Amino acid sequence: MSIIEVRDVKKTYPLGKVEVHAVKGVSFSIEKGDFISIAGPSGSGKSTILNMIGLIDKPSAGEVLIEDRPTSGLSDKELTRLRHEVLGFIFQSFNLIPVLNVWENIEFPLLLGRTKVSQAEKKEWIDWLIAEVGLGDWKTHKPNELSGGQRQRVAIARALVTKPGIVLADEPTANLDSSTGEQIIELMKKINRELNTTFIFSTHDAKIVDVADHIIRLKDGLIVENRRLNGADSMDQVKE
Amino acid sequence: MKFIIPRIALRNLSRQKKRSFLLGGAIAFGIMIVTLINGFAGAFIENVSENFSYLMAGHVFVQGAEKTASGKRLSVIRDDSIIFSALRDSGLDYEFATKTSEVSASLYFEGKTIRQTLTGLDLATNLFLRERVVLRQGSWDTIGPDSIILSEKIASRLNVLPGDRITASFQTITGQNNIADFTLAAISVDSSIIGSTMSYVDLAYINEAIGLKSGEYMALGFMLRDLKAAEPFAARLYTSMAGMGIHLFERSAGEEGTATTPFQAMMRAQRTEDWEGSRYSVYTIDDIVSQAKQIVVALDGASLVILLVLFAIVMIGINNTFRMVMYERIKEIGTMRALGVQRKEIKSLFLNEALFLAIGGAVSGIVLALIAMSLLSLIDFGMNTPAFMIMKNGHLSFFVPPLRAVFNVVIIAILTLLAAYFPAKAAAKMEPAVALRTAK
Ligand SMILES: Nc1ncnc2c1ncn2[C@@H]1O[C@H](COP(=O)(O)OP(=O)(O)OP(=O)(O)O)[C@@H](O)[C@H]1O
Ligand SMILES: [Mg+2]
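Protein chains in written order, with the UniProt record's numbering: chain A, 1 to 240; chain B, 1 to 440.
The hints are simulated quantities; they were obtained by calculation from the structure and are not laboratory data. Please note that a few of the clues may not be correct.
[To be verified] Derived DEER-like restraints, expressed as beta-carbon distance ranges:
1. A:S42 with B:I313: 26 to 36 Å
2. B:M324 with A:K207: 52 to 62 Å
3. A:D137 with B:K17: 21 to 31 Å
4. A:K207 with B:Y421: 48 to 58 Å
5. A:K207 with B:I313: 39 to 49 Å
6. A:D127 with B:I313: 47 to 57 Å
7. A:V117 with B:K344: 45 to 55 Å
8. B:N393 with A:T140: 55 to 65 Å
9. A:N175 with B:K344: 50 to 60 Å
10. A:N144 with B:M324: 17 to 27 Å
11. B:K344 with A:Y13: 19 to 29 Å
12. B:K228 with A:T140: 50 to 60 Å
13. B:I313 with A:R69: 47 to 57 Å
Here the structure is a predicted model, which means the values were calculated and not measured. Yeah, the Cβ is synthetic: ideal placement off N, Cα and C, and Gly gets one too.
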């Protein structure tokens, strides 16, 4: 069973009088627990696809299914609720809430919607996450007191706090130096193994692509490669 | 939501301290001005009433009136025993009762002349006068039947000293011209509460000069322990007098749907109606100053206009600021939306900020106004100022009706929310992908 299925999705942006065909019809599926890299040159449509999977943008045509649920007919409110329940987000520029400290930033998603967890359970879980991302000593610091790598660790913990099935990360390492970027990817990979969370991240960096066990490569809004690695069960080659 | 939105809103306000301070300060300033006006208006009536009652030596008055055959109205109480027995019947209590007659006269002394209202009362025995009027020159011991007491200001304008003889010309109650001589017995200190406008003469002497018999006078004033007791006192006295069959002017004959006060209606009845014998009117200091209440209404109206004008300006500032804030925080908005914050929660984030700003500003404004009031009321303006009528013992005094203050805060809160509403709505409407892309 695929946790995500993308069916012939297209995305067209109006740009003045012309239209930009950012994604020209792509189909693929993602299995539970995958660690997927969406690769491709700048402008190839990586962010556009991640946004549509993340339900923060709508396809112009086609369908995105999340845990077998079609999403095209959903209202903004339902999409928001679905994002909150099944998706986690990691951003290129970290996007922490500046007025909240590390602990509060991680807690934030738990205060939304109707998540029912006991106070003690919540505290234990957040503390576990903070230890997991290695920020035990930084709980009460504000984002502007942290380095880029530390901020991205907070963001990872925040993305995981609601125990989502899928975490989306659009170029999570682009604002970090390469060794910090590798550490971040390592951390994501570790969590992927431990919690079996599906990670989908986009990147330019060839070295980071290699960590993935499933690569989807884009060019000009089309898939040019869709490959499962490390003895993964399927290996679809590209039709072009 | 577990208060996360208000919590973030509150912290967001302290993020741009200078900006919040300026906006909150503008709100505070507006509220302060308006509260000062409200506070002044709130104490106005009471101050005016209290000062009037000192000037007129009473809180409640009984006046007698007669119509002559020619239709001329005389102000006279021929026999006050019925009034006092009505008073005894009703068991009412007062501090002083003062019998007065008044006449408008021209005073002459060595080529100088001045127009004055002479108030006749029993100089020899009136306790109220002796208690309140401070003498600069002369003494109560030298009071004789033809004595006059003038204030410093009038004495100096006439250039008279105690012992000088002053001539007065005036009309008798029947309209004949008459003159009388007075001896200046004493000069009163201007700064007394009675002010510099009063001239006192002896009741018996002036009555004779204007054609009233001994024991007769124009009005009877009762000084009570408390201004607030005036209305019940007047009401019971009226009932008691009416019960004894005394002919009275209607007290509450206000005409429906007109601006005429009951007191004005009573005065008109005295002019227009015809009656036989003596007819009495009972009125209070409140009735006399009831027109001053229109000033209060005007002041409160003006304060509301000021409030609205000031806040039209503040609202533009708030509207602009929140539009700017929306762009500054576009990334946060996109992030929050991605993480599962609903549109209406984004809206309420902004509205919460606006509300905290409004309430913070308004409450500081009221506090500032209260501080300003207590400082202003420390200033001693003295009794000589023409504005002493609106003051309390020569000091400004204020009273802010609590409901009025609450009303002002609510108005500000509503206006601020209104100003922030459209930027908040725009922020909520933004698509998360657009918000996240716009921010770099
Ligand atoms: N809102 C938009 N309006 C118009 N064109 C857009 C918009 N968003 C993206 N595009 C265009 O769509 C194409 C795909 O953009 P997208 O951001 O998905 O690329 P990308 O692979 O993420 O690139 P990068 O590596 O630079 O982030 C590009 O040509 C881009 O210019
Ligand atoms: Mg991109």
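Quick rundown of the hints versus the structure:
1. Against the hinted window of 26 to 36 Å, the Cβ-Cβ separation of S42 of chain A and I313 of chain B comes to about 48 Å, which falls outside the hint.
2. Checked against the given bound of 52 to 62 Å, the beta carbons of M324 of chain B and K207 of chain A, roughly 42 Å apart, lie outside it.
3. The hinted window of 21 to 31 Å between D137 of chain A and K17 of chain B holds, with their beta carbons roughly 29 Å apart.
4. Hint check: K207 of chain A to Y421 of chain B, Cβ distance near 50 Å, so the stated range 48 to 58 Å holds.
5. The hint said 39 to 49 Å for the Cβ distance between K207 of chain A and I313 of chain B, and at roughly 59 Å that hint is violated.
6. A beta carbon spacing of about 50 Å between D127 of chain A and I313 of chain B agrees with the range 47 to 57 Å that was offered as a hint.
7. Checked against the hint of 45 to 55 Å, the pair V117 of chain A and K344 of chain B fails, with Cβ atoms roughly 23 Å apart.
8. Our hint of 55 to 65 Å for N393 of chain B and T140 of chain A holds, since their Cβ atoms are close to 58 Å apart.
9. N175 of chain A and K344 of chain B have their C-beta atoms about 32 Å apart, which leaves the hinted 50 to 60 Å range violated.
10. At roughly 21 Å, the beta carbons of N144 of chain A and M324 of chain B sit within the given window of 17 to 27 Å.
11. For the hinted restraint 19 to 29 Å between K344 of chain B and Y13 of chain A, the CB-CB distance of approximately 27 Å keeps it satisfied.
12. Between K228 of chain B and T140 of chain A the Cβ separation comes to about 59 Å, which falls inside the hinted range of 50 to 60 Å.
13. For I313 of chain B and R69 of chain A, the hinted distance range of 47 to 57 Å is satisfied, since their beta carbons lie about 51 Å from each other.
Violated hints, listed in ascending order, are 1, 2, 5, 7 and 9; each of the other numbered hints is respected by the structure.
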